[in-house]
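Q: Top to bottom, those sequences are chains C and H. Position one of the first sequence corresponds to residue 1 (this note's numbering), numbered consecutively onward. Position one of the second sequence corresponds to residue 1 (this note's numbering), numbered consecutively onward.
The set of hints was computed from the structure by calculation and includes no laboratory data. These figures come from a predicted structure and were not determined experimentally. Using N, Cα and C, we set each Cβ at its ideal position, and we do this for glycine too. Be aware that a few hints might be false.
[To be verified] FRET-style restraints, in silico, Cβ to Cβ:
1) H/Ser-65 <-> C/Gly-16: 48 to 56 Å
2) H/Gly-3 <-> C/His-78: 41 to 49 Å
3) H/Gln-17 <-> C/Lys-53: 42 to 50 Å
4) C/Gly-40 <-> H/Pro-62: 45 to 53 Å
5) C/Gly-92 <-> H/Gln-18: 27 to 35 Å
6) C/Arg-80 <-> H/Thr-9: 17 to 25 Å
7) H/Leu-11 <-> C/Glu-17: 34 to 42 Å
8) H/Leu-11 <-> C/His-38: 27 to 35 Å
9) C/Glu-3 <-> H/Arg-63: 21 to 29 Å
10) H/Gly-3 <-> C/Pro-79: 30 to 38 Å
11) C/Glu-17 <-> H/Asp-84: 37 to 45 Å
12) H/Gly-40 <-> C/Arg-80: 19 to 27 Å
13) C/Ser-82 <-> H/Gln-41: 17 to 25 Å
[As the list claims (entries may be wrong)] Over 12 Å on every C-beta distance to chain C, these chain H residues come out as not near it, computed from the model:
14) Ile-12
15) Lys-13
16) Arg-15
17) Gly-16
18) Gln-17
19) Thr-20
20) Ser-27
21) Gln-48
22) Ser-65
23) Glu-82
24) Leu-83
25) Ala-99
26) Ser-108
27) Val-112
[Unchecked claim] What the simulated footprint calls covered on chain C by chain H, stretch by stretch (three residues with Cβ under 8 Å from a Cβ of chain H suffice, anywhere in the stretch; the number is not a length):
28) 20-33
29) 36-47
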Amino acid sequence: KNEVEQSPQNLTAQEGEFITINCSYSVGISALHWLQQHPGGGIVSLFMLSSGKKKHGRLIATINIQEKHSSLHITASHPRDSAVYICAVSQGAQKLVFGQGTRLTINP
Amino acid sequence: ETGVTQSPTHLIKTRGQQVTLRCSSQSGHNTVSWYQQALGQGPQFIFQYYREEENGRGNFPPRFSGLQFPNYSSELNVNALELDDSALYLCASSPAPGANVLTFGAGSRLTVL
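If we strip away everything but chain H, and leave its shape as in the complex, we get (with noise of 0.2 Å):
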């Protein structure tokens, strides 16, 4: 399979709910990491998963946390979700950590209210 797919693409949540968001890496690439994008703003790094272990995260919280499965898919889980958590979730993989090849999922764009 090529490329990256991310789902949902859109979804709704309330204050203090929980929301897993899903990523399917592209096949072969072993390394997958998070960003979040707020509304005119740069991608913040979350963290990044390299096989199946956290291999370095940015500045959110714990309750922002991370799965990486054998079969090149992942997921972002944010609990106690808050207004400002409200953005868009990019993932990119790559077949290994730093390697030149980087490939981005289309994000899932996420509304609390």
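Same shape as in the complex, but just chain C (with noise of 0.2 Å):
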């Protein structure tokens, strides 16, 4: 069993639709990140969380330490969202561990 494990390994879409990405992990951990991967490689970090929640513009991410969850929403989503999104765990401060990534599709 991975570290970290996210869920659904896949999502298509439509337009406009709320989408939920799920990450469990069975570590423990000092922060957790939420990336956002497009095609060619580049990574964007799109959220670090060690508590409760955050919000950047559309994008929502969770997490209940006490469950070893969080979760990634996006609301009214939009084709140029589609991309791998990775939860990793910080494990002190060298080293991130990652999930396998969801690949979002949202179509038009």
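Using the hints, put the two chains back together into the complex; each one sits in its own frame.
A: Shown next as structure tokens:
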């Protein structure tokens, strides 16, 4: 079992739908990151969370430390949101452990 | 200079060869981490450098080595290339180890034939 598990692995939705991507982890963490990776490889950091909830535009990230679970939500999804979304956890100051990613496709 | 720049963007090598990948960190970021991302997988931590010293290492053999320079640039060197080394190699810089600002480069895609 991977230390960081994401679900679903693939998600296809219509423009405008509300999207939820889930992340569960089994190790102690100092923080959790949500990252976006577009075709070609570039990774953009969306959020870093250690508790509670953060919002940026149409993106919302939540974390439940007791349940070792985080969710990334996208409201009013748009085709430009199509990308791979990756959950990663910080173990100490050095290491990020990544999930396998969720491939999101938003159709017009 | 803003952002993280990696070079080359793509390269092809053969088994047994050596490769050097380069990363230019964001100005003021004295910490750089390198990751290997195989096709369809999440990135795997290779190692981190902080103030020109190795500051943590993942489960990679010694033929993966690195250097960090005072001008915020760094290198990842891989000796005796194997087919399984084919992957996207990403570097990420931050102002300090564990800082909540993390900037990734676009990656170097290595193909080993």
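Q: None of the hints should be skipped; say for each whether it holds.
A: Hint check:
Between H/Ser-65 and C/Gly-16 the CB atoms are about 49 Å apart, so this pair conforms to the stated range of 48 to 56 Å. Distance hint check for H/Gly-3 and C/His-78: the Cβ-Cβ separation is about 24 Å, which falls outside the suggested range of 41 to 49 Å. As the Cβ distance of H/Gln-17 to C/Lys-53 is approximately 48 Å, the hint placing it in 42 to 50 Å holds. Look at C/Gly-40 against H/Pro-62: about 31 Å separates their beta carbons, and that is not inside 45 to 53 Å.
The hinted range of 27 to 35 Å is satisfied by C/Gly-92 and H/Gln-18, whose Cβ atoms lie roughly 31 Å apart. A hinted range of 17 to 25 Å holds for the C-beta pair C/Arg-80 and H/Thr-9, which are about 23 Å apart. Checking the proposed 34 to 42 Å range against H/Leu-11 and C/Glu-17 shows it holds: the Cβ atoms sit about 40 Å from each other. The beta-carbon spacing between H/Leu-11 and C/His-38, approximately 21 Å, falls outside the hinted interval of 27 to 35 Å.
Range check, C/Glu-3 to H/Arg-63: Cβ separation about 25 Å, and the 21 to 29 Å hint holds. For H/Gly-3 and C/Pro-79, the Cβ-Cβ distance of about 25 Å falls outside the hinted range of 30 to 38 Å, so the restraint is violated. Restraint check, C/Glu-17 to H/Asp-84: a C-beta distance of roughly 38 Å satisfies the suggested window 37 to 45 Å. Checking the proposed 19 to 27 Å range against H/Gly-40 and C/Arg-80 shows it holds: the Cβ atoms sit about 23 Å from each other.
Separation of C/Ser-82 from H/Gln-41 is about 20 Å and conforms to the stated range, judged on CB atoms against 17 to 25 Å. The claim that H/Ile-12 is not at the interface with chain C holds, since no C-beta of that chain comes within 12 Å of its own (minimum 16 Å). Remark: the non-interface label on H/Lys-13 is consistent with the geometry, its nearest Cβ contact in chain C lying 18 Å away (cut-off 12 Å). Against chain C, the non-interface label of H/Arg-15 holds: every CB pair exceeds 12 Å, the least being about 23 Å.
Distance check on H/Gly-16: its Cβ is at least 26 Å (rounded) from any Cβ of chain C, clearing the 12 Å threshold; non-interface status holds. Distance check for H/Gln-17 against chain C: the nearest CB is about 22 Å away, which clears 12 Å, and the non-interface claim stands. Residue-level check passed: H/Thr-20 sits 19 Å from the nearest beta carbon of chain C, beyond 12 Å. The beta carbon of H/Ser-27 is kept farther than 12 Å from every beta carbon of chain C, the shortest such distance being approximately 17 Å.
With a closest Cβ-Cβ approach of about 5 Å to chain C, H/Gln-48 is found to fall inside the 12 Å limit, against its non-interface label. Interface exclusion of H/Ser-65 from chain C stands, the closest Cβ pair being 17 Å apart, more than 12 Å. Distance check on H/Glu-82: its Cβ is at least 21 Å (rounded) from any Cβ of chain C, clearing the 12 Å threshold; non-interface status holds. Against chain C, the non-interface label of H/Leu-83 holds: every CB pair exceeds 12 Å, the least being about 20 Å.
For H/Ala-99, the requirement that its beta carbon stay farther than 12 Å from each beta carbon of chain C is not met, with the minimum near 8 Å. Some Cβ of chain C comes within 12 Å of the Cβ of H/Ser-108; the nearest lies about 9 Å off, and the non-interface call is violated. Against the 12 Å criterion, H/Val-112 stays outside the reach of chain C, whose nearest CB is about 17 Å from its own CB. Counting residues of the stretch 20-33 of chain C whose CB falls under 8 Å from any CB of chain H gives 3; the rule of at least 3 is met.
Proximity of the stretch 36-47 of chain C to chain H, defined as three or more residues with a beta carbon under 8 Å from a beta carbon of that chain, is established by the 6 residues found.
Hint compliance for this structure: hints 2, 4, 8, 10, 21, 25 and 26 are not met, and every other hint is.
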